[in-house]
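**Q** Under my numbering, the residue at position 182 of the sequence shown is numbered 182, and the numbers go up by one with no gaps.
A portion of the hints provided could be inaccurate.
[What the hints assert, rightly or not] What follows is a list of derived Cβ distance ranges for each label pair:
1) 57 to 100: 45 to 51 Å
2) 113 to 44: 53 to 59 Å
3) 96 to 62: 40 to 46 Å
Simulated from the structure, these hints should not be mistaken for lab results.
Values in this document were obtained by computation on a predicted structure and should not be read as measured data.
All C-beta atoms, glycine included, are put in the ideal place defined by N, C-alpha and C.
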Amino acid sequence: MLAPVASGKRSKAVRNARSVVTASRPRPWGTVAAVVAVVVFAGTVFGFLYFQYDQGTTEREALAAFTPTAQNQDPAAQIPGITVQRIDAAGHVTAPERVAYQTFPPFAGAHDGVWAQCTGTVYEVPVRNENMVHALEHGAVWIAYNPQQVTGAALQSLVDRVEGQEYLMLSPYPGLESPVSLQSWGHQLTVPSADDPRIDQFIRALRLNQYTHPEVGAS
1 MLAPVASGKR
11 SKAVRNARSV
21 VTASRPRPWG
31 TVAAVVAVVV
41 FAGTVFGFLY
51 FQYDQGTTER
61 EALAAFTPTA
71 QNQDPAAQIP
81 GITVQRIDAA
91 GHVTAPERVA
101 YQTFPPFAGA
111 HDGVWAQCTG
121 TVYEVPVRNE
131 NMVHALEHGA
141 VWIAYNPQQV
151 TGAALQSLVD
161 RVEGQEYLML
171 SPYPGLESPV
181 SLQSWGHQLT
191 VPSADDPRID
201 QFIRALRLNQ
211 YTHPEVGAS
């Protein structure tokens, strides 16, 4: 017959057993790692979104200086490299009659009686100068590009700027001396690349600018 275990020894044995059980219980490292990963991911996403918002705010503030007002009627004049000529409305010609423009692409002067579509229009082939100039008279901005120099992602960035935007039009211009040339009535700017920040400045300052176009929005 076994001798009974003393109550003190029994309590010690129970504590030891509990310690063993407690020590052998695995820690939920997988759960901890998952929680940490979620927190890090959320922080990264928030940081990225904040950066995008902050960058967008900075860009909008920078462009605000190029918004025409009664006090600053031609903010495009402050864009480095721009050509500005004060030209009043001009007469019409009828196809196939041509105008002897002094600059190419032209940005003012006599033009065809029919104006080119400029409702965020992306032309895949060159368009007659005379039709494009007529659209300029009514407030449009024409972006011309050299198809041999502007391709792929660079061309797509111009397409994205123009598509769906009223009074903007984009067309190839073979033989263009610079990669990209922007035209508005009485204004022209050539830039070396499709991501030049002056492109957005030009558009903001001159598209439908009532102070610089002879017949803004006329039909």
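**Q** It remains to establish, for every hint, whether it holds in the given structure.
**A** Verification of the supplied hints:
{"no.": "1", "hint": "57 to 100: 45 to 51 Å", "in the structure": "47 Å, holds"}
{"no.": "2", "hint": "113 to 44: 53 to 59 Å", "in the structure": "58 Å, holds"}
{"no.": "3", "hint": "96 to 62: 40 to 46 Å", "in the structure": "45 Å, holds"}
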